[in-house]
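With chain A's structure known, arrange chain B on it following the hints.
There are 2 protein chains.
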Amino acid sequence: MTNPLFSDRDVDFLLYDVLDVSALTKYPYFADHDRQTFELFLQNARKFAREKLYPTYKLMDEQPPKFIDGKVFVHPKMKEHYPGMVELGMTSATRPAEVGGQQLPLTVSTVASAYLMAGNLSAYAYVGLTSGAAHLIEAFGSDELRREYMAPSYDGRFTGTMALTEPQAGSSLADVTTRATKNSDGSYSISGSKIFISGGDHDLTENIVHMTLGRIDGAPAGIKGVSLFCVPKKRLENGALTDNDVHVAGVIHKIGWRGLPSLALSYGDRGDCKGWLVGEPNKGISYMFQMMNEARIMVGVNGVATASVAYQEALAYALTRTQGRPLSSKSSSAQPVPIIEHADVRRMLLRQKAIVEGGLALVARTAHYSDLAEHATEEPVRARSKMLLDLLTPVAKSFPAERGFESNALALQIHGGYGYSSEYLPESWLRDQKLNSIHEGTTGIQALDLLGRKAVAGGGAAMGAFREEIVSACEAAAAAGLPDLWTSAFQAALIDVETTTFYLGAKGLEGDAERMLLHAADYLELFGILAIGWQHLAMATASRKKTAQGEDTAAFLRGKMLAAEYWISTEIPRISALAALCRSGEDSYLRIRPNEL
Amino acid sequence: MTNPLFSDRDVDFLLYDVLDVSALTKYPYFADHDRQTFELFLQNARKFAREKLYPTYKLMDEQPPKFIDGKVFVHPKMKEHYPGMVELGMTSATRPAEVGGQQLPLTVSTVASAYLMAGNLSAYAYVGLTSGAAHLIEAFGSDELRREYMAPSYDGRFTGTMALTEPQAGSSLADVTTRATKNSDGSYSISGSKIFISGGDHDLTENIVHMTLGRIDGAPAGIKGVSLFCVPKKRLENGALTDNDVHVAGVIHKIGWRGLPSLALSYGDRGDCKGWLVGEPNKGISYMFQMMNEARIMVGVNGVATASVAYQEALAYALTRTQGRPLSSKSSSAQPVPIIEHADVRRMLLRQKAIVEGGLALVARTAHYSDLAEHATEEPVRARSKMLLDLLTPVAKSFPAERGFESNALALQIHGGYGYSSEYLPESWLRDQKLNSIHEGTTGIQALDLLGRKAVAGGGAAMGAFREEIVSACEAAAAAGLPDLWTSAFQAALIDVETTTFYLGAKGLEGDAERMLLHAADYLELFGILAIGWQHLAMATASRKKTAQGEDTAAFLRGKMLAAEYWISTEIPRISALAALCRSGEDSYLRIRPNEL
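Residue numbers (my numbering), protein chains in the order written: chain A, 62 to 658; chain B, 62 to 658.
So that you can see chain A by itself, here it is in the shape it has in the complex:
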């Protein structure tokens, strides 16, 4: 049996029984859809992921793109994969019909993309980047840019990149130095260097659109002087694509995502690189945040997908690999049993299941808030959903990255010595996963974003909305007959999180950002535990309400209950100690000086 990538049953349960995505079709934007069209879209993505992408995953890991004479050549299989995914509608699934999109909920397209990522994350990444880049032009670009660069991106002729990072600046976008000098024709001459540009060159499509952060001559220093430019690899001149002086300056030898080139790019070496301003000058960072926020959710989805495919692999291995005997029957004359019979192996599997299914629910719920924030017709629903979307984004980005890495390590561990070899797949997914704590804002940056901005947003309004969600999940759980101990655990945890947030928020108001954010990493951790716990509570409630049809479904529903029980018993109790630590003022690493390390 081939790796299913995700449990279809779990995904369907999440979409229809937990999140009730079908209810979104009451809004005009989604009105042409129904559960059937969602299922059709999802089914096509599943099939493509399993039959086309997954079988070439290892191949593309082993044979990364080639760099010859300044040009990048991707794995030949990508020439089939890319058009295939465009045909599935992945570049513009959520976009409006007027730009050729399908107006699907992000919730549905996110889950579909999760299968594609689990099948072959590098192959999907070209699509994700293109979609995000084109959406930037759609949202903020001129009609001309939309026609010339957005349209061919959505329809699969061009791909896109996000070109933010510079070698000297890293995560610090305030220090971007790429230079833009205005020309008389309204374009800008671009010169500078970018690094870690995924898909920055390839032979997959005829053109590449680099959404590039730069600084117009004379612009203010820092973040407020950064503008966004559309800088194509080839520019349209008199109706023909002409070389635009963007060069590959180097190739990064990444340890994972090896099917996707990561490049250093050099702009304007010959003084002939043109870019077009997107939106207004000096507002580049705020525009780019649209793409970054989308990308952050997609990184979370990737974390879940990479953990899921490895979990499925470990589960299949544990069911078939025989070794040792149960603790209860040590007789050496007994036959060895499948290792899944060992409680500690089941512990490692249940932990992976809880991380994967909890993580998928979190990213899908975050996408669901995005759908409501953009397309609900009721203004209060849009506003509230936007607040929750913003609050959950750093958690949805980083929890799957960090715990996904743990989950991937457990999948390797279950394979024992074999897991430590490249003959088996878990080690490659472990490598892939590690990037997710780094790109699109490191975990440290997500932690600062969560505590420093999102959790204290609206003077407590964001936390208030979060509280309402948890309280209403508890009420639904109680009504469905889930144990009182579970709901009281959540109530206690919620108080801990709120108290901690307000305590630290007060430090911020006093102007002591350093003390406020000192334990941001611990805060992110405890917030993630609660956010994932909430998903498990909601899934357990839906399980309890669902009537099993046959033993197969009954087993599935029991599994959901046990995953919730596991998370609530082993993780939720950690919140109190973490909250106490956040409030304790413990400052060993604030005080330690470089020469004391």
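Just so you know, these hints were derived from the structure itself, not from any lab.
Fair warning: this is a prediction, and the values are worked out from it, not measured in the lab.
A few of these clues could be false.
Since the list gives no way to pick one copy over another, a pair counts as held whenever it fits inside one copy or between any two copies.
[Stated by the list, open to error] Here are the simulated DMTMM-like cross-link-like pairs (lysine to aspartate or glutamate), alpha carbons at most 20 Å apart as the crow flies:
#1 Lys607 - Glu657
#2 Lys568 - Glu647
#3 Lys243 - Asp306
#4 Lys127 - Glu484
#5 Lys606 - Glu657
Just chain B now, with coordinates in the frame of chain A:
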């Protein structure tokens, strides 16, 4: 500046100020030594590790041994490294003079080997395996075997392996099927297959001695029918080395330790493989435990070494890489600062420091108990030290493996996008580290060993000795003027650990091994936190007692205090929740059935 591998100052502080290894010289076995001879030995190892081994680490990672026509050819640099390490005395440093050894304390040789491992773990592994294999023959083999196979191993002409694992049996040594048929000359004909045999073939020395577990025809089933054999690659016949029919059946493509081949071996394909029984028939497992226990401590040392070299790399990077501005001064006109100025980067560094230095102290202390257990002249000291050695071995093996992996991931994280590339070294150490949770007994097996055997050994006597150590560390801490809050945290944690141990032990006495061991993984975790905390407390006590000479030493001592404070504030509080979980009876993964996952 090249990577120092370890902080020499920390190592010397540990050996002389914390553990007072010089005091060992009062025992006859170590009487020819003094601090000067220890320092000379250590200094030679440090120099070799830094100047010879480390510069070839990346090279050997990139160019693994070649497998040509059934034979393995190691990296040419190994032809210099191996004799060099033999010359340092690493094969027999702790062994008695009568077999050519130096009678050094294991504490000292362990720390010296830590440098070699940090420099190039694969290169050192050949020595470690050879030393362990020769020690097995020394302890249990006949005079003939000692002469023919032990002596040339200690003196560097042969290398050794441990050949336990078989493809179908994995960790389950009860299922070993390698067959041994007695010959009229007293030897045995050996046939069977082994897998994951490190250093199982190479062109480094003229012979290889495989310490092999097998089953004599007619032996009982299970663990009690397993015998230990010395099976050379070439056997001595009429004074000449003759091919002994041991073949390389396959090469495992390991993801780390790439300088050391891991092989599948086939014995007796031509019916001409001879082995010699070591010790008595059917006692192979008990003999092999000598080598395994030594190897487990060495795995712990490896975990520490692999984390340490990466920590040193991350520290140097954080001191030089500039990016962003402190939270307290966000002005974009300010110059970017070295990233070590960001509190969250210091958090990641201090965490690594606490894991590395706490881990090194634990493995060194475990080795110190081994020295006392073997060489103290007072019988009660020997007995008590043996009990503590046994108790700490699974913790010393697994804590550095698990937390070292976390530490290595943090070192990569500090390097940001660069850390995710093979142009930088942290990713290779992360790969190396992952093996340590698998080989020489997985973490799951160490957890069962700790809780199921060691913690309940002697009807509570082992735990009693452990308690005495912690209590006396607390008394010393109080006498040195360390905060009362610290010692009271340890007293509370100790009660938690004891209560939990006795509660779970009682389940075992009732015959319910399954319930007793259900949370063995959590128990190992909490025990490790306490054991490492103890080391930090002891180091902080020694720091407080030491007078600084100059600012450099003062900074070092402040750093030791802060590492202790960090561990006591952030990790020790976790013990109570983990202990409650162990006692709670939470049994989600015991109950979950395979079809519910």
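Right, here's what the structure says about each hint:
1. In this homomeric assembly, lysine 607 and glutamate 657 come within 20 Å of each other (Cα to Cα) only across copies, at 16 Å, whereas the closest approach inside a single copy is 58 Å.
2. Taking CA atoms no more than 20 Å apart as the test, lysine 568 paired with glutamate 647 passes inside one copy only; the shortest distance there is 14 Å, against 38 Å between copies.
3. For the identical chains of this complex, lysine 243 and aspartate 306 are intra-copy neighbours only, at 17 Å inside a copy versus 77 Å across copies, given an alpha-carbon limit of 20 Å.
4. Proximity of lysine 127 and glutamate 484 under a CA criterion of 20 Å is satisfied inter-copy only: 17 Å between copies versus 23 Å inside one chain copy.
5. Taking the closest pair of Cα atoms, lysine 606 and glutamate 657 come within 20 Å of each other only across two copies (18 Å); inside a single copy the shortest separation is 57 Å, beyond that limit.
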